[in-house]
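Model the full structure from these sequences, guided by the hints.
As a plain string of letters, each chain reads:
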Amino acid sequence: MFQQFELAHGVKLYVRPTEQFKTINISFKWKQPITVKDASIRAVLSNILQYSNEVYPSNADFRKRLDDLYGTALYFDTTKKGNNHIFSLNAETVNDAYLSNEKVVDEVFSLLATVIFKPLLVNGKFVDSIVKREKEQVIERIQSMYDDKTRYAQQRLLENIRPDHPASISSNGTVAEVKVITNDQLIEMHEKLLHEDELSIYIVGDINVEEIKEKMKNYFPFSNRTEKLPTEVVNKQGKNDTNYLHEIQDMKQGKLHIAYHTPITFYSEEYPIMQMTNGILGGFAHSKIFMNVREKESMAYYASSNYSSLYGLIFVLAGIDSNLQEKAVQLIDEQILAMQKGDISDLEINQTKSMLKNQLKEALDSARAQIDIYDQYKELNEDFKVEEWVEKWSNVTKEQIQQMASKIEKEFVYFLSGKDGANNE
Amino acid sequence: MNETYFKQLEETLYHEQLPNGLNVYILPKKGFSKTYVTFTTNYGSVDREFIPHGKEEPVIVPDGIAHFLEHKMFEKEDGDVFQKFSENGASANAFTSFTRTAYLFSSTDLVLENTKVLLDFVQQPYFTEQTVEKEKGIIAQEITMYDDQPDWRLYFGAIENMYKEHPVKIDIAGTVESIKQITADHLYECYNTFYHPSNMIVFVVGAVNPEKMMTFIKEDQASKSFEPPQEIKRFFPNEQNAVAISERTLQMDVQKPKVIFGIKSNNTTISGKEMLNYELSMQVAVEMIFGRTSSFYQNVYETGLIDESYSADYSMEHGYGFTMIGSDSINPDMLVHAVKQTITDNSKEWKFSEEDLKRITRKKIGFFLRALNSIEYIANQFTRYSFNNMNLFDVVPALENLTMEQVKEAFESLKNENTHSVFKIIPNLKKNDE
Numbered sequence: 001m002f003q004q005f006e007l008a009h010g011v012k013l014y015v016r017p018t019e020q021f022k023t024i025n026i027s028f029k030w031k032q033p034i035t036v037k038d039a040s041i042r043a044v045l046s047n048i049l050q051y052s053n054e055v056y057p058s059n060a061d062f063r064k065r066l067d068d069l070y071g072t073a074l075y076f077d078t079t080k081k082g083n084n085h086i087f088s089l090n091a092e093t094v095n096d097a098y099l100s101n102e103k104v105v106d107e108v109f110s111l112l113a114t115v116i117f118k119p120l121l122v123n124g125k126f127v128d129s130i131v132k133r134e135k136e137q138v139i140e141r142i143q144s145m146y147d148d149k150t151r152y153a154q155q156r157l158l159e160n161i162r163p164d165h166p167a168s169i170s171s172n173g174t175v176a177e178v179k180v181i182t183n184d185q186l187i188e189m190h191e192k193l194l195h196e197d198e199l200s201i202y203i204v205g206d207i208n209v210e211e212i213k214e215k216m217k218n219y220f221p222f223s224n225r226t227e228k229l230p231t232e233v234v235n236k237q238g239k240n241d242t243n244y245l246h247e248i249q250d251m252k253q254g255k256l257h258i259a260y261h262t263p264i265t266f267y268s269e270e271y272p273i274m275q276m277t278n279g280i281l282g283g284f285a286h287s288k289i290f291m292n293v294r295e296k297e298s299m300a301y302y303a304s305s306n307y308s309s310l311y312g313l314i315f316v317l318a319g320i321d322s323n324l325q326e327k328a329v330q331l332i333d334e335q336i337l338a339m340q341k342g343d344i345s346d347l348e349i350n351q352t353k354s355m356l357k358n359q360l361k362e363a364l365d366s367a368r369a370q371i372d373i374y375d376q377y378k379e380l381n382e383d384f385k386v387e388e389w390v391e392k393w394s395n396v397t398k399e400q401i402q403q404m405a406s407k408i409e410k411e412f413v414y415f416l417s418g419k420d421g422a423n424n425e
Numbered sequence: 001m002n003e004t005y006f007k008q009l010e011e012t013l014y015h016e017q018l019p020n021g022l023n024v025y026i027l028p029k030k031g032f033s034k035t036y037v038t039f040t041t042n043y044g045s046v047d048r049e050f051i052p053h054g055k056e057e058p059v060i061v062p063d064g065i066a067h068f069l070e071h072k073m074f075e076k077e078d079g080d081v082f083q084k085f086s087e088n089g090a091s092a093n094a095f096t097s098f099t100r101t102a103y104l105f106s107s108t109d110l111v112l113e114n115t116k117v118l119l120d121f122v123q124q125p126y127f128t129e130q131t132v133e134k135e136k137g138i139i140a141q142e143i144t145m146y147d148d149q150p151d152w153r154l155y156f157g158a159i160e161n162m163y164k165e166h167p168v169k170i171d172i173a174g175t176v177e178s179i180k181q182i183t184a185d186h187l188y189e190c191y192n193t194f195y196h197p198s199n200m201i202v203f204v205v206g207a208v209n210p211e212k213m214m215t216f217i218k219e220d221q222a223s224k225s226f227e228p229p230q231e232i233k234r235f236f237p238n239e240q241n242a243v244a245i246s247e248r249t250l251q252m253d254v255q256k257p258k259v260i261f262g263i264k265s266n267n268t269t270i271s272g273k274e275m276l277n278y279e280l281s282m283q284v285a286v287e288m289i290f291g292r293t294s295s296f297y298q299n300v301y302e303t304g305l306i307d308e309s310y311s312a313d314y315s316m317e318h319g320y321g322f323t324m325i326g327s328d329s330i331n332p333d334m335l336v337h338a339v340k341q342t343i344t345d346n347s348k349e350w351k352f353s354e355e356d357l358k359r360i361t362r363k364k365i366g367f368f369l370r371a372l373n374s375i376e377y378i379a380n381q382f383t384r385y386s387f388n389n390m391n392l393f394d395v396v397p398a399l400e401n402l403t404m405e406q407v408k409e410a411f412e413s414l415k416n417e418n419t420h421s422v423f424k425i426i427p428n429l430k431k432n433d434e
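So the protein sequences, as listed, match chains A and B. Residue 1 is where the first sequence starts when you use full-length UniProt numbering, and the numbers rise one by one after that. Residue 1 is where the second sequence starts when you use full-length UniProt numbering, and the numbers rise one by one after that.
Quick caveat, the hints were computed from the structure, so don't treat them as lab data. One or more hints might be untrue.
In silico PhoX-like pairs for lysine-lysine, Cα to Cα no more than 20 Å straight-line [stated by the list, open to error]:
no. : chain 1 : residue 1 : chain 2 : residue 2
1   : A       : 407       : A       : 327
2   : B       : 340       : B       : 415
3   : A       : 64        : B       : 351
4   : A       : 327       : B       : 134
5   : B       : 134       : A       : 103
6   : A       : 407       : A       : 341
7   : B       : 136       : A       : 132
8   : A       : 22        : B       : 30
9   : B       : 136       : A       : 327
10  : B       : 415       : A       : 296
11  : B       : 348       : B       : 415
All values derive from a computational prediction rather than experimental measurement.
If you want it as structure tokens, here you go:
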């Protein structure tokens with residue numbers, strides 16, 4: 001899918017020329033093992049670098065420059081993938097071909113180089129007032145999760161089942177860690193990005209590969225660095241005395257989040273079988289959980305499962321009336337039990353195969369998704385092909401799914417609701 | 001079949017209006033593997049008072065019925081339509097807005113088969129009292145879910161403040177109480193009135209052979225029988241120019257206060273080119289004054305009055321329209337003050353240059369070109385434009401021709417204080433036992 005080149009040791013360039021899009025997408029991804037402290041520093045650093053730089057010291061100047069470049073989108077982002085924290089810089093700009101007499105793409109490259117190599121420094125430090133404010137912004141971003149009950153409930157579930165584990169560490173870090181970040185730590189982290197972190201650069205669009213390669217070398221003189229990050233996550237279970245937690249907040253709907261552990265991860269041979277198994281259980285609108293919890297019992301508007309393959313976990317989520325919790329858990333248990341007993345129809349298998357295939361093929365109609373999917377799958381095979389994955393699903397049998405279902409073990413039930421059972425008005 | 005080539009965008013649009021009145025548009029996209037098909041009716045939550053098909057007196061239907069109808073379209077005598085789409089590897093969905101109800105699927109395979117499923121399920125209503133009752137639990141959970149979302153409550157609170165009579169102030173899904181009143185008869189009445197092909201648009205975009213698809217849809221429609229089209233009579237209350245409520249506060253379990261400064265628009269009976277120009281002028285004016293490159297933004301960001309949740313935009317449909325400037329804020333009152341001050345300052349002295357206009361215009365053109373990579377965006381927006389007699393592909397030339405006079409005139413409409421309204425959500429006072 002992507003052609004790859006090594007720009008320096010530990011710095012790889014992945015290029016995909018295509019006429020599919022009217023824009024060019026560029027993505028820099030710096031990876032390092034995730035820790036709460038470093039995630040916090042990197043989240044704040046990303047905000048600082050996004051705000052201004054040496055050439056455009058005020059945010060308004062910087063944003064005006066981007067607007068002039070036909071509203072080029074340029075943003076930093078911090079995410080995580082398995083054991084690793086990913087610090088990314090993304091840009092999307094219109095292709096010169098759609099503009100008469102313009103050379104936008106070169107300008108965008110130059111701007112990206114400025115953003116990366118020339119931050120706004122005074123005496124070798126970031127501007128204190130900017131550091132202070134951006135720390136505040138990240139803290140507020142972390143706190144705002146409380147207002148989104150689904151995200152909050154999922155985070156509380158993770159903290160309970162995998163404390164101090166990559167699965168529960170937020171890519172923004174924590175309020176406590178952000179508060180104590182120093183200017184020196186931010187400078188040090190910036191140096192690490194420039195010289196130490198493994199870096200993958202992606203470019204997708206209607207481009208000439210050789211030209212782009214030359215430009216990249218000129219604009220981005222990255223130094224050699226040491227590789228290679230550990231990929232596979234050790235899925236150690238947390239030690240829990242209980243396997244159930246009910247928390248109460250001032251709210252109307254009950255949020256039911258159940259965690260299951262499995263021995264199968266993205267790196268396992270049986271990964272495609274577990275994808276099929278999750279698809280039949282609750283991945284789609286034809287799945288058992290949706291059909292039974294929503295359609296048959298009218299208990300929920302949303303009820304689904306998702307497979308977090310890097311951590312070997314399956315999560316079931318449903319929004320239900322707060323006094324129907326026990327009934328919902330029982331109904332969900334029954335669906336897994338049914339699969340373990342072999343209650344899996346040919347129709348369900350065929351539907352799930354078709355949907356998985358469609359999902360993957362559809363995702364590839366977005367440049368951003370092409371980058372993200374390749375960035376993931378290349379760890380298994382640099383020569384990623386859609387057809388290969390479709391083939392893997394198409395070979396999965398009912399017996400294999402039944403066997404996979406028996407490897408799903410319930411680990412924890414988290415329930416967030418208003419006052420127990422009562423109408424919380 | 002009509003064919004229009006948009007040179008600057010390198011896109012060709014195919015169109016035909018079928019004998020039953022249905023408008024079909026097809027936009028093939030080079031290099032895409034998925035096809036996205038939408039089937040949309042010009043009917044949404046604001047259409048609550050109308051003369052039902054075949055009758056003479058207007059009726060008022062229960063709140064949330066357009067959305068309820070959308071849910072019920074998926075259930076048929078022989079089961080759930082999602083099952084059929086899943087078998088064909090298509091992901092299907094639907095949504096109801098204030099003015100539209102859209103049914104859609106996307107798939108990378110079996111596109112004609114899926115199109116058939118879509119056309120059939122939308123054109124074959126099946127409602128029984130039993131299935132209607134069953135749906136009430138599901139929709140009640142959907143309503144409850146939104147009740148717990150502060151940003152949704154903020155948005156609706158702001159609209160409720162601005163409108164006194166117009167049904168735009170009613171939540172699209174209705175309330176748990178209002179949906180209890182809905183019966184199968186109601187659904188048939190709304191269906192028969194608003195789901196006539198002459199009130200609908202099919203839009204196909206992505207990997208598609210236009211001739212084959214058009215022939216397929218034509219044959220399908222020719223094989224079905226429809227009554228002759230009738231003019232739909234909808235009634236909307238007279239809405240005053242001033243806002244209904246100028247300031248209101250709601251307490252919720254949130255971390256930080258939230259606020260929207262809303263400005264009610266009164267120039268909302270226009271359509272076509274006039275609407276396109278007005279809408280773009282308003283959007284450019286709001287972007288100039290309150291966008292991320294404005295001195296207003298710089299000031300409120302640096303003083304910590306806004307955070308990453310900040311937004312400022314203008315939206316309109318036939319009959320209503322509003323500007324909303326909002327953010328989570330540690331001091332919503334100071335933010336509101338800054339917004340008002342900015343409007344006053346600009347009415348005393350217009351501080352923007354042709355250079356500013358050019359920059360904002362470029363930004364919007366760039367955004368538009370980026371958006372054309374998204375076939376979902378194209379389909380949804382094209383349909384919206386079309387129901388308002390506008391053409392999505394006129395946006396770039398209209399932006400290029402926009403003058404400072406138009407932008408300034410749009411700004412004038414933001415000045416009237418009677419059209420200003422503030423809605424806040426503030427954190428609950430903590431109870432002692434928690």
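Hints, one by one, checked against the model:
Between residue 407 (chain A) and residue 327 (chain A) the CA atoms are separated by roughly 23 Å; this puts the pair beyond 20 Å, and the hint is violated. As the CA atoms of residue 340 (chain B) and residue 415 (chain B) are separated by approximately 9 Å, the hinted pair is consistent with the 20 Å bound. Under the criterion of a C-alpha separation no larger than 20 Å, the hint pairing residue 64 (chain A) with residue 351 (chain B) is consistent with the structure, at around 16 Å. For the given pair, residue 327 (chain A) sits about 17 Å from residue 134 (chain B) by alpha-carbon distance, which is consistent with the 20 Å threshold.
Proximity of residue 134 (chain B) to residue 103 (chain A) is assessed by CA-CA distance (about 59 Å); at most 20 Å being required, the pair is judged violated. Proximity of residue 407 (chain A) to residue 341 (chain A) is assessed by CA-CA distance (about 12 Å); at most 20 Å being required, the pair is judged to hold. In summary, the hint linking residue 136 (chain B) to residue 132 (chain A) is not supported, as the alpha carbons are separated by about 50 Å, beyond the 20 Å threshold. Straight-line distance between C-alpha atoms of residue 22 (chain A) and residue 30 (chain B) comes to about 11 Å, which keeps the hinted pair within the 20 Å bound.
A C-alpha spacing of about 19 Å is found between residue 136 (chain B) and residue 327 (chain A), which places the hinted pair at or below 20 Å, so the restraint holds. Proposed proximity of residue 415 (chain B) and residue 296 (chain A) is contradicted: the alpha carbons are some 53 Å apart, above 20 Å. For the proposed pair residue 348 (chain B) and residue 415 (chain B), the alpha carbon gap of about 11 Å is at most 20 Å, so the pair holds.
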